[in-house]
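Trainee: Taken in order, these protein sequences are the chains called A and B.
The first sequence stops at residue 707 when you use this note's numbering, and every number in between is there.
The second sequence stops at residue 834 when you use this note's numbering, and every number in between is there.
Since the hints were made in silico from the structure, they are not lab data.
Heads up, some of the hints might be wrong.
What the hints assert, rightly or not - Once the Cα atoms are required to be at most 25 Å apart in a straight line, the calculated DSS-like pairs of lysine-lysine come out as:
id	chain 1	residue 1	chain 2	residue 2
1	A	43	A	687
2	A	170	A	64
3	B	776	A	251
4	B	786	A	41
5	B	776	A	170
6	A	255	B	746
7	B	776	A	205
Said to hold, decoys possible - Here are a few chain B residues that sit away from chain A, every Cβ distance over 10 Å (derived from the structure):
id	residue
8	746
9	755
10	758
11	791
Glycine residues also receive a C-beta, built at the ideal position from the N, C-alpha and C atoms.
In case you want the letters, here they are:
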Amino acid sequence: MILNEYKYELGTIERGYNNRSLYINLSDNTIKEKEVTQFMKDKFIGGKGFGLWYLWNAVTPETKWNDPENEIVIAHGPIAGITQYPGSGKSLVVTLSPLTHMPMDSNVGGYFGPYLKFSGFDALELQGKAEKDVIIFIDGNRGIVQIMESDVEEKDSHLLSEILTDRFAKNEEDKKNVSVVSTGSAADNTLIGLLNFSFYDIRRKAVRLKQAGRGGIGTVFRDKKIKALVVRFEGTKGNLNNPADQGKINKAGIKLHREICLLDDKQNRMRKIGTANIIEIMDQYDLLPIHNYKFGSHKDTYKISSDKFQARVTQGLPDGCWYGCSLSCAKAADDFIPETGPYKGQKVIVDGPEYENAAALGSNIGVFDRDAVLELNFYCDTYGIDTISFGTLTAFIMECYENGILDKEKTGGLELYFGNKEAALELIHQMARGEGFGKIAGLGIRRMKKIFIEEYGADADFLNDIGMEQKGLEYSEYLSKESLAQQGGYGLTNKGPQHDEAWLIFMDMVNNQIPTFEDKAEALHYFPMFRTWFGLMGLCKLPWNDIVPEDNKYTDEPAKIPEHVQNYVDLFNGITGKNIDKHELIRQSERVYNFQRIFNIRMGYGKRIHDRTPYRSMGPVTEEEYLSRQERYDNQLKELVGIDPEGMTTKEKIAALRKYREDQYEKLTDAVYQRRGWTMDGVPTIKKLKELDMDIPELIEVVEQHL
Amino acid sequence: MKVLKKDPEKCIACHACEETCSKLYFKEENPDKACLRIKETDSHPEIITCTQCGECIDICPVIAITRDKNGIVRIDQKKCVGCFMCVGFCPELAMFMHDDYIEPFKCVSCGQCVKVCPTGAIYISEE
């Protein structure tokens with residue numbers, strides 16, 4: 001049954017913009033167009049910039065994630081949809097997160113973003129709540145948007161996206177023109193729900209999924225009773241953006257294709273194994289999270305190393321999540337047969353494995369079993385659960401279980417010790433069914449800490465030390481103990497501890513390229529700003545530094561990959577006809593980055609106190625951890641702290657090291673705030689906003705209350 | 708299968724082959740729009756031609772490149788989305804593009820260039 005239908009004029013994209021967006025309110029089934037103004041393009045560029053701006057206008061400081069006025073905004077960006085440069089088909093999804101209560105943004109592949117753009121819209125705003133489950137369909141060739149009641153019984157993404165692709169495609173040939181956004185049954189029952197964006201794999205003849213994983217966006221999607229979004233667009237070509245200078249884009253793209261062709265096998269093997277290439281490297285450098293981030297390496301890592309996964313990744317043909325991605329990190333294990341759950345015994349496709357999944361669903365919870373990791377990965381995706389949050393919160397639960405904070409009685413019989421794959425799988429099935437301990441686990445670490453402290457009498461200090469969340473979001477999968485810069489890379493972020501803003505461990509710890517606080521602060525300014533830019537454009541980060549030109553190491557700033565930065569400048573200028581340089585590129589990001597910080601402040605967060613991190617991310621919490629790396633820590637006490645550890649008890653040594661490391665983090669925070677143009681409480685100054693041409697009255701009004 | 712072969716030692720870099728090719732393909736005498744290339748170097752000119760090896764077939768994300776019944780690798784312009792991955796990944800650098808067009812182009816062993824080559828530096832061989 002069609003609840004509302006809206007017809008619109010088809011248009012053409014001019015220099016990367018449609019100059020209009022689509023607004024849908026599910027409470028009253030409103031469908032309308034909005035103008036994308038010059039102001040929006042100047043200040044917010046596109047992608048997550050547009051998402052944050054629309055969300056800012058939709059909510060108040062009192063809005064909760066499950067209030068009808070909360071929005072989910074999906075936007076791509078001016079560069080998105082080009083086919084010549086790898087990684088150019090990304091969508092940015094923005095909403096108020098159920099985990100952090102602040103704006104969340106997540107970057108995702110699949111064809112939805114480009115098809116939304118080719119259908120005529122620079123963003124899609126979803127507000128309100130439907131009464132019954134709905135499907136929203138955008139026909140980009142006929143100019144029709146429909147809201148219809150859902151008649152689909154299936155609740156999990158791998159089935160939903162397949163059924164809807166079949167339904168909305170005219171025939172097999174047409175399936176590649178359809179993309180579905182959906183989530184799964186666990187998004188109804190947890191706060192860690194994700195969104196799956198589909199693309200049709202014409203070689204496998206199967207629907208594949210990419211995830212907007214972080215921060216519970218899928219939970220908001222289901223709270224709005226959206227079953228799925230479907231877009232259909234036929235006629236993709238390489239010049240639909242009508243760029244100002246197609247030649248400039250072609251040149252940059254072909255140069256990078258050639259680079260990848262010649263160098264990927266020698267560098268990161270992204271085409272062969274994707275991001276999983278680093279599992280054993282992280283272990284080698286003591287950076288792979290083991291047992292809730294206690295340790296950085298394990299004797300059994302070889303069982304989940306990249307070659308074990310590579311043997312399971314079939315077809316051998318590299319594939320990208322948008323046309324033209326020759327880096328092709330997308331991988332899939334075909335004919336995988338789960339051993340548990342509702343799809344037990346059926347042949348399914350597992351998208352992945354990604355590094356994050358192998359670490360979250362493997363080493364961090366002590367499951368050194370490739371097929372168990374794949375099964376958990378499959379269920380996370382189809383149930384609509386963020387693999388990172390699931391892995392990190394399960395690791396937290398397991399440590400609580402082994403410390404007697406939880407027991408079989410409290411978990412309803414689940415023996416959640418490290419390495420128990422059966423219990424981890426049952427936990428995820430409980431999340432999907434909305435039953436038992438899975439319901440508590442699905443609330444995320446922050447809420448679990450509260451329950452364990454208040455109801456189970458757990459030691460609050462201990463839980464706050466080992467619970468690897470900050471701002472309410474679970475940490476992603478790197479051990480940051482020995483890299484102060486990465487502690488900041490996780491802690492001094494807008495949306496919570498992820499590595500999307502900065503990954504500085506090698507620069508800092510391994511290569512020692514940023515030794516001083518000022519160096520680290522510069523890195524924690526430049527890289528988060530630079531990487532924010534991908535989210536404004538609809539781009540992927542990987543083709544920036546997961547492949548580098550052969551002569552990169554001889555450049556003045558190898559960590560920035562100067563040649564690739566120039567490629568991005570060329571892409572932007574080629575599309576828009578503007579003439580920015582690499583400095584203006586950073587300013588474009590700074591505007592949105594500071595805006596997001598102020599948005600956090602407006603929602604009651606975003607200050608220095610919210611940038612504090614759990615001590616597990618900074619150093620050894622327990623004697624077990626200290627003793628496992630005793631020589632390293634003893635040496636640090638001698639050389640860095642200036643204390644002779646001789647004769648001290650382990651407890652005393654832990655305390656001395658902790659005092660030193662926490663102090664280092666505070667000093668780093670000072671330096672970073674200063675470099676970013678913020679007060680020592682983490683508030684962007686009016687002077688900074690003026691410098692960025694972001695002294696918009698409504699922003700000034702927020703910061704003035706905190707200066 | 709017919710394949711355009713080369714004997715660079717005989718090439719005098721007159722570029723007649725490129726002109727013929729681009730005229731046939733794009734109705735224009737423009738070496739930048741030819742499906743083969745003569746690159747002048749200090750020693751013998753280099754002749755860049757497609758060997759019909761088919762590496763590009765698997766590279767194409769939309770299966771726009773296929774081998775026809777005669778073994779010739781061809782691009783379906785309608786299916787092509789203009790990503791130019793095939794251009795970057797061609798082992799012979801014999802997949803070409805021009806900014807006037809959003810699809811790449813390549814040699815299909817038609818042999819027209821052979822007819823105008825004064826020295827026999829290029830020839831069609833049955834493989």
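Trainee: Now tell me, hint by hint, if it's right for this structure.
Mentor: Results of checking the hints against the structure:
1. A:43 <-> A:687: holds (17 Å)
2. A:170 <-> A:64: violated (40 Å)
3. B:776 <-> A:251: Distance ~33 Å between residue 776 of chain B and residue 251 of chain A Cα, so the pair is violated.
4. B:786 <-> A:41: With Cα atoms ~33 Å apart, residue 786 of chain B and residue 41 of chain A exceed 25 Å; violated.
5. B:776 <-> A:170: violated (29 Å)
6. A:255 <-> B:746: holds (19 Å)
7. B:776 <-> A:205: Answer holds: residue 776 of chain B to residue 205 of chain A is near 24 Å, not above 25 Å.
8. 746: Per Cβ check, residue 746 of chain B is outside 10 Å of chain A; nearest 16 Å; holds.
9. 755: At roughly 14 Å from the nearest Cβ of chain A, residue 755 of chain B sits farther out than 10 Å, so the non-interface label holds.
10. 758: Given a closest Cβ separation of 16 Å, the condition holds.
11. 791: violated (5 Å)
Against the hints set out earlier in the document, violations occur for numbers 2, 3, 4, 5 and 11.
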